[in-house]
Structure formats: C-alpha cells, structure tokens
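4 protein chains.
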Amino acid sequence: MSDRNIRLESADKRAVEDQEVEIVERKGIGHPDSISDGIAESVSRALSNLYLDRVGKVLHYNTDETQLVAGTAAPAFGGGEVIEPIYLLIVGRATKEYDGEKIPVDSTALRAAREYLNENIPGLDVGTDIIVDVKLGEGSGDLQDVFGEETQQVPMANDTSFGVGHAPLTETEQIVLEAERALNGAAYGDDHPELGQDIKLMGKREGDVIDVTVAAAMVDKHIEDIDDYVAAVDDVREFVSELATDYTDREVNVEVNTADDYEEGSIYLTTTGTSAEQGDDGSVGRGNRANGLITPNRPMSMEATSGKNPVNHIGKIYNLLSTHIAETVVAEVDGIRDLQVRLLSQIGRPIDEPHVADAKVITDEGVTVADIEDEVVAIVDRELANVTDITRRTIEGELSTF
Amino acid sequence: MSDRNIRLESADKRAVEDQEVEIVERKGIGHPDSISDGIAESVSRALSNLYLDRVGKVLHYNTDETQLVAGTAAPAFGGGEVIEPIYLLIVGRATKEYDGEKIPVDSTALRAAREYLNENIPGLDVGTDIIVDVKLGEGSGDLQDVFGEETQQVPMANDTSFGVGHAPLTETEQIVLEAERALNGAAYGDDHPELGQDIKLMGKREGDVIDVTVAAAMVDKHIEDIDDYVAAVDDVREFVSELATDYTDREVNVEVNTADDYEEGSIYLTTTGTSAEQGDDGSVGRGNRANGLITPNRPMSMEATSGKNPVNHIGKIYNLLSTHIAETVVAEVDGIRDLQVRLLSQIGRPIDEPHVADAKVITDEGVTVADIEDEVVAIVDRELANVTDITRRTIEGELSTF
Amino acid sequence: MSDRNIRLESADKRAVEDQEVEIVERKGIGHPDSISDGIAESVSRALSNLYLDRVGKVLHYNTDETQLVAGTAAPAFGGGEVIEPIYLLIVGRATKEYDGEKIPVDSTALRAAREYLNENIPGLDVGTDIIVDVKLGEGSGDLQDVFGEETQQVPMANDTSFGVGHAPLTETEQIVLEAERALNGAAYGDDHPELGQDIKLMGKREGDVIDVTVAAAMVDKHIEDIDDYVAAVDDVREFVSELATDYTDREVNVEVNTADDYEEGSIYLTTTGTSAEQGDDGSVGRGNRANGLITPNRPMSMEATSGKNPVNHIGKIYNLLSTHIAETVVAEVDGIRDLQVRLLSQIGRPIDEPHVADAKVITDEGVTVADIEDEVVAIVDRELANVTDITRRTIEGELSTF
Amino acid sequence: MSDRNIRLESADKRAVEDQEVEIVERKGIGHPDSISDGIAESVSRALSNLYLDRVGKVLHYNTDETQLVAGTAAPAFGGGEVIEPIYLLIVGRATKEYDGEKIPVDSTALRAAREYLNENIPGLDVGTDIIVDVKLGEGSGDLQDVFGEETQQVPMANDTSFGVGHAPLTETEQIVLEAERALNGAAYGDDHPELGQDIKLMGKREGDVIDVTVAAAMVDKHIEDIDDYVAAVDDVREFVSELATDYTDREVNVEVNTADDYEEGSIYLTTTGTSAEQGDDGSVGRGNRANGLITPNRPMSMEATSGKNPVNHIGKIYNLLSTHIAETVVAEVDGIRDLQVRLLSQIGRPIDEPHVADAKVITDEGVTVADIEDEVVAIVDRELANVTDITRRTIEGELSTF
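Residue numbers (our numbering), protein chains in the order written: chain A, 1 to 402; chain B, 1 to 402; chain C, 1 to 402; chain D, 1 to 402.
Calculated from the structure, these hints are not laboratory results. Owing to the predicted nature of the structure, the values given are computational and were not obtained by experimental measurement. Possibly wrong hints are sitting among the right ones.
Heads up, the list lumps identical chains together, so a pair's fine if it works in one copy or across two of them.
To be verified - Derived EDC-like pairs (lysine to aspartate or glutamate); straight-line CA-CA distance at most 20 Å:
no.	residue 1	residue 2
1	LYS96	ASP227
2	LYS135	ASP249
3	LYS96	GLU81
4	LYS102	ASP389
5	LYS13	ASP159
6	LYS221	GLU365
7	LYS102	GLU81
8	LYS135	ASP260
9	LYS102	GLU138
10	LYS102	GLU119
11	LYS13	ASP364
12	LYS57	ASP99
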C-alpha cells in the first residue's frame with residue numbers, strides 16, 4: 001500500500017436513489033453547449049496526436065474555451081434556411097513552434113472542428129451555416145516545459161483543483177443518459193431523419209414517479225406539415241417511454257416539446273437540427289459533467305473537462321479519473337449502494353499523489369464501511385498509480401468528456 | 001398559504017460543517033473567469049436600464065456568454081509590459097429595435113464593459129491591454145414578446161431549469177469568501193498596490209484543520225525586486241491568517257503562491273494584476289456560483305448566473321432566489337444548522353410557481369423538522385410570491401452573481 | 001442626339017504605344033488583391049441574383065471591402081503545409097430584411113466565396129487553409145429606397161465619382177494581360193499543375209524593347225526538387241516568350257522569379273499556389289483596374305470596381321461603361337490610334353446623364369478629330385442611353401472587373 | 001554623375017493646367033478611407049520608432065491593410081448616438097520577437113491607433129463608438145533579414161513596383177487640397193465645431209470655370225435645427241469660395257452637400273463627424289495618393305503608401321520620392337510648366353538605383369528640354385542618392401502619405 005492520502009468514510013446520508021426528489025439533466029450532442037464541448041475535445045485530441053506525431057510527446061496546450069455565437073434561421077415546413085451563420089471561435093493556447101519547427105496547430109484545429117461537425121451535426125453546412133474561427137495564443141512561459149519527454153515520471157499538477165465522480169447511476173440518470181444516446185444513435189436516427197441532434201432531457205423524480213421532459217429540435221426539411229410534426233413528437237415520446245422501462249419499474253411520464261403551442265404555430269422546428277441556428281449561444285463547460293450528466297443531487301466540479309490537455313491538466317484528469325474510480329470500485333466491490341470519489345490536487349505535486357483522495361460510501365444493508373474499506377482503498381490506490389492511463393485513453397478517444 | 005409545491009424534508013446527512021473533508025474555492029474579481037462574469041453582469045445591468053429608460057420595460061436579451069482570450073505579457077521587476085492584448089468578446093442576444101426605434105445595445109454594452117474594467121481591474125488599459133469586441137445577435141423570435149408590459153403578471157419561465165441555495169456558510173466558506181473581498185477591498189488594497197485583483201483561494205478542511213491556499217498575482221511596477229516580492233507574499237499570508245481568526249477557532253494554515261520557485265526565478269508576477277495577460281482564458285459561468293463560491297460539498301447549479309436577463313431567465317432568478325430564501329430562512333428561524341433550497345422550473349409556468357420548491361434541512365440538536373416546518377414553508381412561500389424583487393434588486397446592482 | 005454633355009477633344013500627346021517608356025502590370029487571379037477582388041465580385045453577383053430571386057429587384061448592398069489577412073505556410077519540395085490559415089473578412093452593406101421577410105445575405109455571401117475559391121484557387125482548402133468570415137452591416141437609411149421597382153427609370157447616381165476607359169490596348173498591355181490569362185487557363189494549366197494561380201506580370205517597354213518580369217508561385221507538391229523547379233520556371237519563360245510573338249514584333253525579354261537565389265535556397269515555392277499563404281495581405285481595389293491592368297501611362301480611377309452594387313454604384317458602372325465605350329468606339333470607327341473616355345457623375349442625377357462625358361482621341365495620320373467627331377459622339381450617346389446594359393451584364397457575370 | 005538610368009523627355013502634351021477638362025478629388029481626414037490611411041501610417045510610424053528604440057533598427061513590418069467596417073448611427077438635431085460601433089481591424093505583418101526578446105507590436109499598434117483617433121477624429125469615442133482590433137501576422141521568412149544593421153548600405157528593393165510624382169499643382173488641385181486642410185484646421189475648425197472631419201471635395205474644371213463640390217458631414221450636437229444646418233452649409237460654401245480666390249482668377253462655383261433634400265429631411269448630419277458611423281466602409285490605399293489628391297488627369301500609382309515600411313518598401317518610398325523630386329526640380333529649375341517623375345524598381349536592386357527614373361516635362365514657352373536637361377537630371381540623381389532621407393523623414397512624421 002502506498003502512502004497516498006486516501007480516505008474513506010460513510011456518506012452518512014441517503015443514496016440519491018433513495019432521496020425524495022431527484023433532478024437530472026443531459027444536453028444532447030447538438031445542444032450549443034455540447035457542440036462547444038465536442039469541438040473543444042476533438043480539437044484537443046487532434047492536437048495531442050499532432051504533437052505525438054511531430055515531436056514524439058504532447059506539448060503544452062489547452063482548447064477548453066470554444067465559444068459559439070448563435071445564428072439566425074428561418075425554418076419552414078419542407079425546408080427553411082439559415083439567415084445569419086453561427087460563429088464559432090476556438091479559443092485556447094497551443095505551442096506553435098518546437099525546436100525551430102513550426103507546428104500547424106491552427107490548421108489542425110480547424111480541420112478537427114470541421115470533421116467533428118460533419119460527423120455529428122450533419123445538418124450544419126460548415127462554411128455557410130457556421131463559420132469556424134480560431135484564436136490559439138502561446139501559453140504561459142513557465143508551463144512550456146512541464147511535460148517531460150521520454151520519461152517515466154508522472155507529471156506534476158498544473159493547478160490546485162479537484163475532480164468528483166459517482167457510481168452507480170440512479171435509474172433516472174440512466175434513463176436520461178441512455179435516452180439521449182439512443183435518440184442520437186443509429187437505433188433511432190436512421191429511421192427518423194426528422195429528429196435533430198439538439199435534444200435536451202430533464203428528469204425529475206419525486207418519490208416513485210419519474211417525469212422526463214424532452215426538448216427535441218425537429219428538422220424542417222423532413223417535416224412537411226403540422227401533422228408530420230405531431231407524429232415526430234409522438235414518436236419521440238413513445239420511444240423514450242419504452243426505453244425507460246429497461247431501467248426502472250417506477251412510473252415514468254414523458255413529455256416532449258412542452259413549450260409548443262400548436263394554435264399559435266409555435267413549435268420547435270429548425271433547419272439544421274440545433275437551436276444554435278437561432279439565438280442559443282454555447283460555451284465549453286457549461287453543460288454536462290464528465291459523466292455525461294448534470295446532477296444537482298450530487299456534488300459536481302465546475303471544471304470544464306472538454307478541451308483541456310489530458311497530460312497534466314489536473315481538473316480534467318481528476319474528473320475523468322474520479323468517475324473511473326467510482327465505476328471501477330462499484331464494479332469490483334459488492335455491497336455499495338452509492339459511492340462518491342473526490343480527488344483534490346495541489347499545484348506542483350505529482351498527479352498520482354493527490355492532496356487528498358476522499359471517498360464517501362453508502363453501503364447496502366448489512367454491509368459496513370469497515371467490511372469494504374481495505375478493498376476500496378486498494379482499488380483507489382491502484383487506479384491512482386495508473387493515472388496516465390486516463391491520459392492515453394483520452395487521446396485515443398476512448399473517454400467521453402461530456 | 002398558497003398551493004405552491006413546496007416540500008421540506010430532513011437532509012438526513014451531516015451538515016457540511018460537520019463533514020470530515022470540506023473543499024471551498026473562490027476566484028477573485030481579477031480571475032479571467034470572474035472578469036468574464038463581471039462584464040457579463042455589468043452589461044446585463046446596463047441593458048436592463050437602457051431598455052427601462054427607452055421603452056419603459058426590459059426587452060429580451062441575454063449576455064451570459066462573454067469570452068476572454070488571454071494575452072501575452074512580459075512582466076518585470078519595476079514594471080513590464082503587455083505584448084499581445086487580451087481579447088474579450090461580449091456574446092449574447094439583444095433586442096435592437098422596438099417600435100421602429102433603434103436601441104444602442106452594442107455601444108451601451110461596450111461602455112459598460114469599459115467602465116467595469118476601469119473600476120475593477122485598473123491595471124488593464126482598455127483599448128491597449130485589452131480589446132473589447134461585441135457580437136450581440138437578435139434573439140429567437142418566439143421570445144421577443146415574452147416580457148409583459150405595464151402588467152402585474154408574473155413572467156413565465158423561459159426554460160426548464162433549477163436553482164440551488166444554501167445557508168449558513170461554513171467557517172471555511174466564510175474565510176475564503178471574506179478573505180478575497182478584504183484583499184480586493186479598500187481594507188487591504190489601499191496600502192498594498194502591489195497586490196493584483198487576480199486572487200484565487202482554495203480552502204480545504206480536514207477535521208479541524210483548515211488549509212487555505214492563496215494564488216495572488218503581484219503587480220510588477222510596485223515590486224522592485226525579489227525581496228519586495230517575498231514581503232508582498234508574506235503580507236498576504238499574515239493578513240489572511242489574521243482574518244481567519246474572526247471566523248473560526250480551528251487551526252488555520254495559509255499558504256500563498258506555493259508554485260513559486262525563487263531559485264528558478266519562477267514567481268507570480270504580472271504587469272496588469274491578472275493572469276489573463278498571460279495565457280489564462282476566461283468564460284462566464286465557469287467560476288463562482290451565485291453565492292460567490294465553488295462548493296464541491298454542496299450541490300451546485302451549472303447555470304451561468306451572470307449576464308442573464310433577470311426578468312424571466314429562470315436559471316438566474318432561481319439561483320439568486322434560492323440563495324436568498326436559504327439565507328432568509330436561516331436568519332428568521334432558529335434551530336437550523338444547514339439548509340439547502342432547490343427551485344425547479346417548468347418552461348411556460350409562472351416563475352412564482354416552481355415545478356417544485358424543495359428544502360432540505362439539518363436541524364440543531366433538539367429541534368425536529370416538524371418544529372419548524374410551517375415557519376419555513378411560509379417563508380419560502382412568501383419569498384416566491386416576491387420573486388420579482390430579485391429582478392428589481394439585480395437591475396439595481398444590489399445582488400452579486402459571482 | 002441627346003443633350004448629354006459629351007465632349008471630344010484631341011489628346012494632344014503621343015499615344016501610349018508611341019511613348020518612349022511604358023509600364024504595365026497585371027496581378028493574376030491568385031494574387032491576394034485579386035482574390036479579394038474576385039470574392040467581392042462573386043459575392044456581389046450572388047447578392048444581386050438573390051435579391052432578384054426573392055423580391056424581384058436588386059436591393060441596396062455593396063461588398064467592395066473584402067480584406068484578406070495572410071497566413072503562414074511551410075512549403076517543402078514534394079508537399080508542405082499551411083501553418084496558420086489565411087483569414088478573409090467579407091465586408092460591406094446589405095439589406096437583410098424586406099417587407100418583413102429576412103433575406104439570407106450572410107449565408108449567400110459565404111457560399112459564393114467558397115464556390116469562388118474552390119473554382120479559382122483549388123490549392124486552398126476552404127475552412128482549413130482559409131477562414132472566411134463576414135460582416136455585412138445594414139446600409140445607410142437614405143440609400144435603402146434608391147432602387148426603383150418595376151420602373152423604366154434610370155437610377156440616380158449615388159455619388160460624385162468618375163470612370164475612365166481606354167482603347168485599344170498597346171502591345172505591351174496585350175502581352176501582360178493575355179499571358180496571365182493563358183498561364184491561368186486550360187491552355188497552360190492542364191499540363192502544368194505545378195504553376196500556382198498567383199502570377200504577377202510587370203511589363204516595361206523602353207522604345208522597342210519590352211521586358212516582361214513574371215513572378216510565378218510554384219506549388220510544392222508538384223515540385224520534387226530544385227531541378228523540377230528550374231524546369232517549371234523555364235517552362236513559364238518559354239511559354240510567355242512564345243505567346244508574346246503573337247502580339248508584337250518588338251524584342252521581348254522575359255524573366256521569371258528574378259528574386260530567386262538558388263544557392264541560398266530562396267525560391268518562390270508555395271503550398272497553395274498563392275502568396276496569401278505566407279505574409280501577403282490583400283484588399284479589394286488595390287490591384288487591377290476594370291480592364292484587367294494597372295497602367296501608369298494612363299489615367300486610372302481609384303475606385304474599387306469589384307463588389308460594388310452594379311445598379312446604381314456610379315464608380316463601378318462608369319468604369320465598366322467608359323471601358324466599354326472606348327472599346328466600342330475603336331471597334332466601330334476607323335482612324336483612332338488611342339482613345340480615352342472619362343465619365344464624371346454628379347450625385348442625384350440620372351446615371352445616363354453624366355456631369356460630363358469627356359473623350360480624348362489620338363487619330364491616325366491623315367485623320368482629323370473633326371472627321372470622326374459626329375460618329376464618336378453618337379456612339380458615346382448611344383451607349384450612355386444603354387447604361388443599364390452594363391448592370392445586367394455584370395449581374396450575369398459577363399463583365400470582368402479586375 | 002552616376003550611371004543611374006535617368007531619362008528626361010518632353011511630355012509632348014498639354015499641361016494639365018491647360019487641358020480643357022480637369023478633375024481633382026480629395027477625401028478629408030475624416031473620410032473612412034482616410035481614417036484607414038491615417039491609422040495605418042500612424043501605426044507604421046509607431047512600429048518604426050518602437051523597433052529603433054528596442055533593437056536599434058527597423059525590423060520587417062507592413063501595416064498597410066487596415067480595414068474599417070462602418071457602424072450604424074442615429075444622428076439627431078442637438079445630439080444623436082451611435083447604435084452599432086465602427087469596427088476597425090489593423091492588418092499587417094510585424095516582427096514580434098528579436099534575439100529572444102518579445103516586442104509589443106500589437107499593444108503599440110493599438111495605442112497608436114487610439115491616439116491618432118483621439119487627436120484627429122475627436123467625435124469618435126474609442127472603445128464605444130469604434131472598436132479597434134488587430135491582426136498582425138509574422139512576415140515571410142525571407143524578408144526578415146533584409147534590413148541591414150549599422151551598415152551604410154542602401155536597402156534592396158523588396159518588389160518590382162513604381163512611384164509617380166507631379167509638380168507643380170494646378171490651381172484646381174491647390175484649391176481642393178488647401179480647402180480641405182483649412183476646413184479641418186484651426187483656421188476654420190476652432191470657430192466651427194459643427195463641421196465634422198469627413199469632408200470630401202471634388203473639383204472639376206471645364207475651361208476657365210471651376211466647380212467645387214463639397215460633401216461635409218455636420219455634427220449633430222452642434223446643430224439645433226434645420227436653420228443651424230443651413231447656416232453651417234452656407235459657412236462652408238463662403239469659406240471655400242473665399243479661399244479659392246487665393247489660388248485662381250478663374251470663376252469658381254462652390255456647392256456644398258448637394259444631395260440634401262430639406263423637404264424630405266434628408267441632410268448630411270452625423271453624430272461623430274464621419275460617415276463611417278453609418279454605412280461607409282473604408283480601406284487603406286483607396287483614397288488620396290501620396291500627394292494628398294486623386295488626379296484622374298495624371299498617372300497615379302495604385303500602391304497604398306500609408307502603412308508600408310519606409311525602409312525598404314519600394315512602392316511607398318518611390319511614391320514619396322518621385323513626388324519630392326518633382327517638387328524639388330520645379331522649385332530649383334525655372335521654366336517648367338508641368339513635370340511628371342516616375343521611378344520603377346526591380347526587386348533585389350539597391351533602391352537608389354531604379355530600373356528606370358523617367359521624367360516627362362512640359363516647358364514654359366521659350367524654354368526647351370535641352371536647356372534644362374542637365375540641371376534636372378542632376379537633381380534627380382542627387383535626390384536618388386539621398387533616398388534614405390525619405391525613410392528618415394517618414395519615420396519622424398514629416399511626410400504625409402495621403
């Protein structure tokens with residue numbers, strides 16, 4: 001056992017699953033905040049790989065400040081148009097020169113953004129519906145040399161920050177998360193081109209009744225009239241209602257596009273499948289946390305995980321790692337009803353030695369904290385030792401950040 | 001008593017003050033995220049007042065997406081210089097024309113930003129050290145008419161969102177919050193021009209030991225050499241240590257600029273008093289919550305409060321209101337050790353009728369929830385009825401959002 | 001005969017062809033200034049057609065201020081790369097709403113720019129090598145209603161301005177103009193992919209000796225080594241030398257890429273075929289005049305012709321029309337060695353009634369001005385009466401502006 | 001006598017003063033194109049001085065591509081307001097690092113622009129009425145080392161380009177030039193705050209009748225009503241009419257703001273004194289030539305003189321030098337009625353050895369070209385030898401470029 005500062009205590013409260021009121025939200029991949037997250041993270045991966053390819057190691061960068069300025073559109077049954085394009089500014093720092101060689105960070109960032117958009121938000125014609133601009137400054141001098149080369153050393157924390165993770169997901173969390181993934185996946189999307197990518201789900205549980213409110217942008221060129229629209233809304237409702245039964249036995253009520261007013265012709269129709277086309281701005285780090293959810297019943301980190309350098313940006317690493325640790329512990333150790341893992345860094349210390357690693361557990365009936373303590377602490381210790389795995393998996397695109 | 005859906009339950013956990021590990025953070029007003037918040041909110045106030053002045057009511061707008069792109073600087077003992085200016089883009093929506101009259105929203109936003117910077121970050125020479133640009137699009141058509149005129153009606157929620165507030169502050173929270181305010185206030189600043197506005201405090205309490213880590217940007221023109229710098233750092237440490245004793249009897253250890261390495265000449269010296277001058281970007285909503293703190297021990301809303309329209313933007317209103325309710329209840333009702341208030345909206349419903357108002361209380365020993373339930377619910381009900389007070393006080397600048 | 005103020009006088013000087021020293025320049029279509037011109041004009045055409053399509057008439061706009069900010073590139077034998085993208089800002093005015101209908105001017109402008117680049121500068125990958133941004137403001141209120149609808153009326157001049165045209169072209173002018181067109185045309189380009197579009201020709205004639213200096217950007221992926229490069233340069237020299245014999249019997253010396261220094265490895269190699277990739281900015285109206293040339297031996301207008309509204313922007317119309325008139329007169333009337341036509345407008349007067357139309361002629365030996373005066377004046381009068389033909393042909397893309 | 005290629009020939013035409021029709025234009029310092037020129041040149045001077053101050057020599061830069069995007073304003077009698085600010089983008093190249101030292105080119109450029117605006121266009125509140133942004137890229141690698149240090153050598157031409165100058169000015173040219181200077185100078189401005197800086201003069205002479213058309217922006221806060229406006233217009237007309245008598249005995253008719261339509265309330269009223277506030281964009285190099293005028297009766301260079309590096313940018317140097325040579329020759333040599341001097345460079349040759357220096361003279365009656373040839377050629381030769389004086393005087397702000 002290491003001498004890492006790992007603490008396990010009883011949470012001394014009810015598990016979220018057992019609390020009276022629970023709120024869970026997920027912004028789908030086409031939400032303006034998620035578009036910002038997605039581009040920031042795809043640019044980050046592209047830069048990591050560019051640096052590895054060119055100089056054999058990841059140089060200093062951060063691209064976690066993408067800003068999306070909404071456009072204006074005129075959606076119409078059968079097909080409308082974008083009037084003023086969305087403007088997306090990729091913001092961050094990057095090392096542009098190394099050993100006298102210039103590194104094409106700007107061009108690489110633009111390419112990554114374009115590819116991400118083409119793949120994930122196909123209704124946006126990049127260059128016409130959305131302008132992608134880039135401002136990547138040079139980083140702070142002190143940080144330029146932080147990343148050790150060909151070394152076995154664990155990097156030092158670049159900041160005093162913390163990450164927090166939870167497991168397992170509650171039923172409401174699972175419904176909200178999986179419903180968005182399914183709606184935006186081949187399972188639903190292939191047969192339903194009328195459903196845009198901008199889907200927002202809000203789950204609220206009071207006791208044993210779960211209300212799921214879905215806001216789903218419909219794509220005008222696949223919707224000929226109001227009947228088509230109503231049918232599209234109904235399809236979403238049915239799909240989510242059906243899907244929910246896989247995750248809960250509780251009563252689930254699903255409402256879709258509740259703000260619609262058919263009589264006034266006020267419906268959620270878009271030309272591109274995202275509300276970014278019409279007035280909804282977006283930013284990195286304003287939407288889903290690293291586990292894909294916004295969970296007011298659970299402590300969350302304010303850190304934007306997307307776009308940050310995965311080598312030494314401790315806010316990113318610790319959010320991904322604490323989530324990973326929580327999931328791993330729950331998978332490997334029996335008797336845990338709810339686990340929260342927090343990792344707090346101190347600037348300048350090796351990232352595998354957090355200032356404190358603090359786990360709060362709620363055990364199943366008949367299990368005590370003492371029963372599982374050694375096992376849990378050992379797993380936390382082991383995963384901290386493997387912290388650079390998080391970096392590798394992030395660069396390879398295995399980990400999602402929003 | 002109204003028929004508002006107000007629920008009070010026992011939190012069924014230990015108060016944060018009594019938990020084993022507590023983490024609290026505050027980003028000072030000169031932090032790049034706080035600069036973004038501060039400008040977003042000052043622009044919001046200026047637009048509210050502009051609309052009131054011109055058309056007698058607040059029209060649709062949101063300015064909650066300010067993006068700061070860091071500059072480059074070359075600080076030096078005795079006075080350095082900014083090399084590449086900071087770029088700040090005010091992003092949002094605003095109504096630019098009403099009844100045929102054009103309303104100068106862009107110019108007003110620029111003026112508000114400039115005045116805010118001049119007043120709060122005096123080391124930044126606006127127009128040279130920082131470029132302020134603006135992109136305020138027209139909002140979504142459906143929202144343009146939401147704000148009722150000369151009406152007694154309570155506005156409708158513009159979104160499904162929630163706010164969360166807490167009271168009272170723990171000792172650690174008070175120390176972190178008050179130390180930043182004092183350091184950036186006349187109490188300290190008048191005698192210490194060498195201290196910049198970019199002060200970040202991280203409080204960590206383990207049991208009865210509180211560690212406060214301060215990162216404080218020093219201003220180079222007031223620091224002649226390394227001795228001056230060391231003295232400046234010592235002054236901050238002493239001041240915070242002293243101040244902490246007003247709020248706690250626990251052991252408090254204060255560390256300032258722990259990442260410094262005097263031998264390598266690596267210190268936290270700036271030309272302008274903010275790290276935005278060198279590589280640290282900033283965004284609205286990435287820093288402090290509405291109560292001025294980042295509190296991983298407590299549920300937080302992801303909503304950016306700063307810059308949002310205070311008339312009907314429910315995310316803003318409910319975060320400010322839930323904080324206000326929690327504080328009010330604790331002030332008026334005896335026997336509460338920890339209170340959390342959550343307000344969840346549903347789009348289209350009057351904002352004084354939340355989908356659910358959910359209070360979780362931890363009582364002092366000898367007090368039961370039943371003892372105080374009626375009193376608490378009555379206060380929550382009363383303050384919900386007065387929800388538009390939050391709007392008024394925000395416009396008048398009485399409420400802080402970060 | 002009309003009462004238009006048409007004046008014909010003897011130029012009372014030697015024809016340019018007979019002057020001792022003559023200088024002629026042409027910036028090829030890949031020159032940064034020409035890229036700006038080309039995009040400005042293609043955007044203009046697209047907007048004219050958009051307005052005609054949507055509202056049946058051309059509304060107020062001008063797009064004559066496109067600004068190109070150069071990028072950074074690292075060309076290399078066999079294929080290099082763009083490091084920092086070119087930034088192109090489409091600037092101008094446009095009417096964005098008409099009769100309550102929003103008109104997609106921004107999206108249309110972006111699409112036109114992208115199509116123009118794809119077609120004319122194929123080495124530039126739009127969105128990666130070049131960012132295209134747009135700032136089209138609303139025009140001045142007074143001008144919004146200038147363009148009469150369904151009316152036979154000739155528009156009023158929007159400014160006090162003038163245009164100037166010449167005919168026929170001198171031998172040197174023909175060589176410079178036709179050489180660029182041939183090099184950038186299928187005649188040469190199909191077999192020579194190594195030649196970029198950024199070709200600049202400077203012709204200088206002293207007496208009967210014509211020196212043609214060509215600066216021709218070579219495309220790195222088609223140039224494997226210095227020998228390839230030298231061969232490419234030789235091919236251009238031979239081609240231009242050969243082409244020149246079609247236009248003159250004078251001695252012609254052609255030099256290509258004279259600034260090259262093979263020993264120092266300083267050659268004109270590019271990745272994209274244009275110097276805009278590396279440090280050469282561009283603007284509308286800074287390059288070729290409406291006849292495709294820069295001719296210091298002849299009076300020129302400073303007006304940017306590209307991008308201006310062809311309905312009533314008098315600077316554009318009069319430059320195109322005066323060139324057209326000069327060419328028409330020379331084609332129809334015998335005995336003219338050199339003709340200059342100037343048209344001066346006065347703001348607010350119908351554009352077919354210039355303040356003065358002023359022709360200066362140099363006749364062939366044996367011909368007097370009096371011999372041809374009636375004929376010339378009649379043609380000028382006729383073409384002024386047909387002024388709206390210029391508008392129509394410009395919108396249809398028949399007339400080149402640079 | 002040097003072996004410079006200097007050629008003098010008879011112009012073999014009438015002097016401009018003796019031609020039947022003459023057109024002359026000047027855009028005043030508040031015209032959007034002139035604002036762009038003025039800022040480009042003031043930034044250029046600031047950078048030259050910055051480099052001299054920091055590294056003892058002028059490094060590579062060019063700032064000749066400033067782009068002004070017009071704003072929107074709502075002028076009103078007694079004082080209106082800017083609705084949307086003007087956006088000004090300083091574009092160019094600059095060396096940002098030398099010998100490991102970073103040089104604050106961006107901040108210096110911004111400061112220079114702000115100071116220029118404050119001094120010359122006082123009605124524009126920088127930061128509110130006009131946003132000043134900057135994009136200065138690194139220059140092309142090959143050019144970085146062109147400027148020799150502590151050397152006596154004359155720089156090499158950086159391009160194949162030419163300059164052209166004329167002397168003396170005609171009466172019409174003098175009137176147009178001096179009227180604008182006087183109107184914008186203390187002579188008139190101190191007593192007439194209602195006159196803005198955006199004054200455009202068009203002079204047209206037919207035979208012995210000179211028409212001067214003035215477009216003069218009036219400043220609304222100094223104009224209470226239409227009577228004030230009419231009086232202001234009358235004052236300008238009288239002033240220019242009176243001033244003209246100092247320069248000519250010909251008949252002079254002055255018209256001011258001819259596009260006004262009092263009945264329709266269409267007048268030339270502005271809030272800031274420049275039409276840039278409302279729809280008129282501007283660019284460097286689109287307005288006045290180096291002698292302050294646009295002269296369609298005379299050959300002109302298309303080169304933008306403002307903003308270019310005065311050390312080796314041959315287009316700038318040769319335009320300033322040819323103008324200086326023409327003026328010097330006319331001042332020192334009797335018997336010249338009209339002189340045109342052209343200087344053509346060849347890339348890579350020393351700038352004091354033009355490819356050809358070509359003077360065309362029209363002599364007074366009784367004087368032959370042979371009479372003055374030696375004297376003229378000697379002066380041209382002498383001034384070419386002193387070419388670096390042009391650089392020095394430009395840096396010191398003694399020479400105007402527009």
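Enumerate the violated hints, using their earlier numbering and listing them in ascending order.
Of the numbered hints, 1, 2, 4, 5, 6, 8, 10 do not hold.
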